[in-house]
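**Q** Assemble the whole structure, with the sequences as input and the hints as a guide.
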Amino acid sequence: MIDSPQPRAVKLIADLPAGAAALVHSLTGGHDFCSRMANLGFTAGAPITVRQNYGRGPIVVSVRGTLVALGRAEASRILVRASEA
Amino acid sequence: MTQPLRQPVTPTRPLPRPNLRLVQPACHDAGPGALPHPEALTFALVGQPNVGKSTVFNMLTGLNQHVGNWPGKTVEQKTGTFRFDGAAANLVDLPGTYSLTANSEEERIARDYLISQRPDVAIAVVNAAALERSLYLVAELLALDTPLVIGLNMSDVAAQHGIHVEPHVLEAALGVPVVPLVAARNEGIRDLVAAAFKLAYDPAAFRPNRPVIRPEHQPVLEQLVEMMGGCACDRYAADWSAMKLLEGDAEVTAQVKGSVAPELWNEIHKVLLQHEDAYLDIAGGRYEWIGRMVRAAVTQPRAGAVTLTDRIDRVATHPVFGLGLLLAIFGLAFALTYAVATPLAEWLSEVVLGGLAGLAATLLAGAPAWVSGLVIDGFIGGAGTVLTFLPILAIFFALLGALEDVGYLARGAYVMDRFMHLMGLHGKSFLPLFLGFGCNVPAVMGARILEERRARFLTILLAPLVPCTARLAVLAFLTPAFFGSRAALVTLGLVALNLVVLAVAGIVVNKVAFKGEQTAFIMELPLYHAPNLRTVGLYVWNNTSSFLKKAGTFILLSSAVVWALSNLPGGNPETSILAMFGKALEPLGALMGLDDWRMIVALLSSFFAKENTIATLGVLFGAPEAGASLATQVSAVMVPAASVAFLAAAMLFIPCLATVATIKQETNWKWMWISVGLLLAISLGAGVVIYQGLRLIGVGV
Ligand SMILES: Nc1nc2c(ncn2[C@@H]2O[C@H](COP(=O)(O)OP(=O)(O)OP(=O)(O)O)[C@@H](O)[C@H]2O)c(=O)[nH]1
Ligand SMILES: [Mg+2]
Chain A
0 MIDSPQPRAV KLIADLPAGA AALVHSLTGG HDFCSRMANL GFTAGAPITV
50 RQNYGRGPIV VSVRGTLVAL GRAEASRILV RASEA
Chain B
0 MTQPLRQPVT PTRPLPRPNL RLVQPACHDA GPGALPHPEA LTFALVGQPN
50 VGKSTVFNML TGLNQHVGNW PGKTVEQKTG TFRFDGAAAN LVDLPGTYSL
100 TANSEEERIA RDYLISQRPD VAIAVVNAAA LERSLYLVAE LLALDTPLVI
150 GLNMSDVAAQ HGIHVEPHVL EAALGVPVVP LVAARNEGIR DLVAAAFKLA
200 YDPAAFRPNR PVIRPEHQPV LEQLVEMMGG CACDRYAADW SAMKLLEGDA
250 EVTAQVKGSV APELWNEIHK VLLQHEDAYL DIAGGRYEWI GRMVRAAVTQ
300 PRAGAVTLTD RIDRVATHPV FGLGLLLAIF GLAFALTYAV ATPLAEWLSE
350 VVLGGLAGLA ATLLAGAPAW VSGLVIDGFI GGAGTVLTFL PILAIFFALL
400 GALEDVGYLA RGAYVMDRFM HLMGLHGKSF LPLFLGFGCN VPAVMGARIL
450 EERRARFLTI LLAPLVPCTA RLAVLAFLTP AFFGSRAALV TLGLVALNLV
500 VLAVAGIVVN KVAFKGEQTA FIMELPLYHA PNLRTVGLYV WNNTSSFLKK
550 AGTFILLSSA VVWALSNLPG GNPETSILAM FGKALEPLGA LMGLDDWRMI
600 VALLSSFFAK ENTIATLGVL FGAPEAGASL ATQVSAVMVP AASVAFLAAA
650 MLFIPCLATV ATIKQETNWK WMWISVGLLL AISLGAGVVI YQGLRLIGVG
700 V
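Top to bottom, those sequences are chains A and B. Per numbering that gives the first Met the number 0, the very first residue in the first sequence carries number 0; after that it's consecutive. Per numbering that gives the first Met the number 0, the very first residue in the second sequence carries number 0; after that it's consecutive.
Mixed in with the good hints there might be a few duds.
[Claimed, not checked] Calculated cross-link-like contacts (lysine to any residue; reagent style SDA-like; alpha-carbon spacing at most 20 Å):
1. K510(B) x G676(B)
2. K549(B) x L62(B)
3. K548(B) x A657(B)
4. K256(B) x D31(A)
5. K269(B) x H30(A)
6. K514(B) x F418(B)
7. K269(B) x H216(B)
8. K548(B) x P441(B)
9. K256(B) x H30(A)
Don't read these hints as lab results, they were simulated from the structure.
**A** Encoded structure:
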């Protein structure tokens, strides 16, 4: 958000624009979901890049050298933090 | 009493899992335990989805497993054999799985095989272009006691992306043989097999660097192993079960719970609750271990390079352009069919079949009337006419194969995600549904890649509404004579009708039966690559040759049966058994404008195989004569409004016998009957509504 007073440290993947890079902070949601995501490489500290995000509908994220499509609901359950440039 | 945990993991979810492994269709793998060479060594191909396992399998065994560029093609285990330096071996192709915690039907098949069947050596195929992620499964496999060799596949793709992997360094780090491969070009496969044989002959030489759990979880893991100590299983099995308990694996949890005394389970459960989040650390720990393994072996490209995949995806996965592209692809498929394939099919029908019929008539001039009738009207008119579909099918399959192999399919699924949500499904359901354009049977089987039972059942119910090539060929065959220059338009309209009905049925069934639950959409997008001519060629060959086989056996037989039933008793079709039957249904047919019993019989016969519509018409209308093709003859007995109604009903009709049997196998009796009933109602309903509607507005009557 342009007008937010200060950049929040932790954001949802779903809120990142295309091209943004970040590190996975944590996962929220049920055990099955978190376990699948962790197996796919979304573990704490893993670098990710958002490849596509049109504000609605699914998004594409690259993680550990692969492209993963995520529904918006799923992308809203992954928290990320800024990666030190 | 306790049981060994290593033995087949008992299913915990309701139907249909036990079926999947016990009742395999006869034409597929006979299932575990039925190895072609019981005495020979058995190797299993394992790996994450879309890494090239089936490509390796096909190269070695000469069989034709489905290969394409999207995750989730192989959905059942398949066994083949091969010889290497004089020694015979069995090779098992497994579905891809991201980890040994199975999330869907087909992943469970791979996992259960590895846990309970114990191949002599597991051949782990990994993708060099996505090494870290591919090695995740290897990290889990190393915790089992099955010896392992690694096939480092897609070396060419990695090189294109500037990723360089040093196989020897990786081999030294892992303590596991690593063989570089380009499976699609048959490079390195011999070396891979040699490594597998070597290990099989000397399993003691297998001393891998096994990943260890983070130190803070070591004590609890040991505690769990100790608590389950009463069970008569070996060290690896105990460790593995303890690990999966800690990871919260639903099946293993249920298995352990069922096999230990309740008091002990309470104790174990208490321990597990204290370590509820350990599974995240375990996954993180595996990736850290992988990071250490690959650090010295892999050179990564500079970050931020724009790849071909990025460029294509700017269009292909764009919410608007992507949809446009999907529609354009459909449009192209139909344009090609009508520009190239249909004229060819007509030529085959008139010139080749007409000639054949003439020839047969001369040759059989002296034979009894029933012999020439059976040959000319039954075989040539029926099965022969179906054979003229060949060019149409070849074009369809070439297009489908190319789309799959390029890597487009997953993009189509991504673009369709929003629309699938309307049915309580998500993009992944598009993958099996798309296979339905080829044939509905693999579409129903392919639904195994869906994680939730609800989504799987709904997708299976909707799959028959996707018009398969056989039905499309029926359309392409009949519409030119029925509608002249507007044939392509009518065809598009009818296909669109099917898809609209699919969407509406999906929305309604989801609302009524499933109360609109939502499921998680998580799907890997493969990198694009140029279509491999060999892969696409094989795909076309497989599908067309199985069509030829079907035409030469099943459809030939049906044609003969239809011919016999339409000539008995007495040899006059108008008073035959089939005519009686068809005429009894005429009141129903009349509602759709079908007052010729032959049309009703043709529609019903499509239940046995969709191509039978044409075979039956061919038999009942007699072999094509020069100048008047079958389609023209048929069009003469109906007004255009009835033709549209007939085609709509045929497109929406009950799925063919093979599909119905597969639906039963993948779901249950109840769901099969629901499917048959729903489609029967929809198809007859659509036929009646279309005919009556057109009549009301005075079009085509
Ligand atoms: N460029 C390149 N492509 C390959 C190579 N090996 C396989 N492929 C392609 O990769 C895709 C996937 O191959 P499959 O053999 O179907 O993969 P699989 O592991 O059996 O996939 P699932 O059954 O879905 O788990 C196909 O398009 C192959 O043509 C390779 O070494 N190089
Ligand atoms: Mg496969």
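**Q** Given the hint that K548(B) pairs with P441(B), test it: the Cα-Cα distance must not exceed 20 Å.
**A** Holds, because 18 Å separates the two Cα atoms, which is no more than 20 Å.
**Q** Sort out whether A657(B) lies within 20 Å of K548(B), counting only the CA atoms.
**A** Holds, because 15 Å separates the two Cα atoms, which is no more than 20 Å.
**Q** Compare the distance between the alpha carbons of K514(B) and F418(B) with 20 Å, and conclude whether the hinted pair is satisfied.
**A** The hint holds at about 17 Å.
**Q** Is the Cα-Cα distance between K269(B) and H30(A) 20 Å or less?
**A** holds (17 Å)
**Q** Within 20 Å, alpha carbon to alpha carbon, are K256(B) and H30(A)?
**A** holds (19 Å)
**Q** For a C-alpha distance cap of 20 Å, please report whether K269(B) and H216(B) respect it.
**A** holds (15 Å)
**Q** Assess, step by step, whether the Cα of K256(B) is no farther than 20 Å from the Cα of D31(A), and give holds or violated.
**A** holds (19 Å)
**Q** Are the Cα atoms of K549(B) and L62(B) separated by 20 Å or less?
**A** Holds: K549(B) and L62(B) sit about 19 Å apart, inside 20 Å.
**Q** Given the proposed pairing of K510(B) with G676(B), does the C-alpha separation stay at or below 20 Å?
**A** Within the cut-off at roughly 18 Å; holds.
Going down the numbered hints, you'll see the structure goes against none, and every one checks out.
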